[in-house]
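Chains as they are written, first to last, in the numbering used here: chain D, 1099 to 1673; chain Y, 21 to 99.
Don't take each hint at face value.
If we take Cβ atoms under 7 angstroms as the criterion, some of the chain D residues that face chain Y in the derived model are [as the list claims (entries may be wrong)]:
id, residue
1, I1311
2, V1312
3, E1316
4, V1345
5, P1349
6, A1352
7, E1407
8, P1561
Note that these hints are calculated values from the structure, not bench results. Values in this document were obtained by computation on a predicted structure and should not be read as measured data. Backbone N, C-alpha and C fix where the C-beta goes; we use that ideal spot for every residue, glycine too.
Here is how the chains run, residue by residue.
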Amino acid sequence: MKFLRVNLTNQKVVWEDCQEIYQGLGGRALTSIVVSNEVPAPSDALGIDNKLVFAPGYFAGTTLVNTSRLSVGAKSPLTGGIKESNVGGTVAFSLARLGIAAIVVEGKAPEGRWFLIHIDKTGVASLDSADDLKTLRTYACVEKTQKRYGQDTSVTCIGPAGEMQLLSASIQSTDLDGRPCRAAGRGGLGAVMGGKGLKALVVSTRGKVPPEIVKQDEFKAAAKAYAQAVLADEFSGELLPKFGSAVLVEPINAAGAFPTNNARMGQFTGAEKISGETMAATIEARGGKTTHKGCSQCVINCSNEYVTESGDYVTSSLEYETIWAMGGMIGNDDLDAIARLDFLCDDIGIDTINTGNALAVAFDAGYAEFGDSAAAIRLVEEVATGTDMGTLIGNGPAAVGKHFKHDRVPTVKNQGMAAYDPRPLQGMAVTYATSPMGMDHTAGWVVDKNLEAFGGTVDGRKPDGQVELSRNTQIHMAAVDTVGICDFAQSGLAGEQGMGTVYTMMGAKLGKDFSGDDWTKLGIRVIKAELEFNRRAGFTNADDRLPAMFYNEPLPPYNVVVQVSDEDMDSTFDF
Amino acid sequence: MNITLKLYGTLPDHYQGPYDSSGLKIDLVDGATIADLADATGIARQRIGLASINGRLAKAEDTIPDHAEVKFMPSLAGG
Ligand code: SF4
């Protein structure tokens, strides 16, 4: 496996052998360890010293299902700390099949110049001019790029928000139908890409380099068992294909953990109108697709194609987080408006989660009434046109709160919350506060373990046991994001045998024994690198706190506040 | 007493009768619990991840008041 280094300052493209210290790593481990080793922590995230790293998961390109995750890492301009954001689609599989372990993007293009990285099917890489793609939204950017390089290319690009270096700018990547609806949304990494003058990464999907696996037969057998477990599971085998992740709306709302009207309430009266069940029925009645394969190697098909009443395409892969961010969080129960907002965010290239938070803070501060979906659509359109208000929204909830002098801002390390209120699910409070990534749900999703009905053993409304639960899950997730298994395919990991198959695959690929201990060590190594970077960037324990609203405002209907003490928060990663 | 039961996810497929999204009107004996209701629908209890009564989470042994809206939801995982 090789590293590709691309320097925008002098436009040099150099191949390197994978160094010894990076052997056996992929995904988040590679992005985080490279960033931690090579980026000066106090440097300007939008400046010449930051590096943007793209790394497919360690299992990408193999026969294992649901392994098409690409990790993107850099110092985040939003949080000021290290960031890894991962995305599905076709790019990770394509890179892995070209024998590429990582692309490290360095330097900064001369003012006003735009470039794209192109890698053809034989693995020849070039840095080509992208001046003609400047200001294009992502759907148009993909269309033009594929005209130039062919339909058999995976395009990962930024939209106007990334070009303007807004702090919620995402990096969008094409799905199997060539639509840039998959997002590395979190942490403003699109702004880092924009700061470098890199508009797109264009990769041939025709690479044929087989991934290095020392014990092929062992790997194949374990991969097959894993796939069977994913399909046999009710959630990944039945619910996700039918309803997508939006099937979470009703249960999370029932748990009183569906942040509504800028997290003033934990239940949304309009939840039924925007639930996964309603969405599936709407799509079906209109002739769209409720089951849709969004990423290479996927056997779950959690994606969808949302259409208008007359059957015209609106957006793809409308999922739970966006339905919440553009729905309950801003008091909007109009599913068509949510779908439109999802498309706009993908097209302009901004994180739906951070943008929903920004709108919610603006509405809470009195800019518009909660539920005013027309105002939400107008504001998101303004992100692309660069009005003062649009720029504010594009810079996220903290910027909006500062502007309106409004202190109900649900962020940690400047990053907006995800779709689970931490008050009735206090394990999420620990994850939100302590993750090196800022307020992030995938870093340590412990919702099921906080709900007795789902077999959880920890009471979500109490602080007891939450630190340990979050710590273990965060370490586990750092390893999952390293091998690059889709979150929704984690059903294949359930139970001892499930984890055993992963250890077997790791061992088979590496050609040495790999145990549960090695898995934990891998996760810890990643988190340690991230924490060390953040410390060097100036973070202290005081940054691992939730905003006051979560400690002081009891959340209806269960009227709970976060009770995890500061001392306990600080014991999460005492290494 | 009369209650309304709403089913989510794939639970309607596991109910013996026809189901539409406005829910089922069910006649129950006074003092019936969530577990009794689950048994009355024929849906295996382990299929029901979460139950709520009038918007509040409920346990198997909780009794259902007259005119309540009960929801049964499937088990979840996610991220
Ligand atoms: S389950 Fe969804 S997100 Fe995961 S690989 Fe499949 S389509 Fe992509």
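Now the hints, each set against the structure:
1. I1311: 27 angstroms, violated
2. V1312: Hint on D/V1312: violated, closest Cβ of chain Y at ~31 angstroms, above 7 angstroms.
3. E1316: Not OK, violated: D/E1316 not within 7 angstroms of chain Y, min 27 angstroms.
4. V1345: Holds. Min distance 6 angstroms.
5. P1349: 5 angstroms, holds
6. A1352: With a closest approach of 4 angstroms, the D/A1352 hint holds.
7. E1407: At about 18 angstroms, which exceeds the 7 angstroms cut-off, the nearest Cβ of chain Y leaves the hint on D/E1407 violated.
8. P1561: 19 angstroms, violated
Violation of the numbered hints given earlier is confined to hints 1, 2, 3, 7 and 8; the remaining hints are satisfied by the structure.
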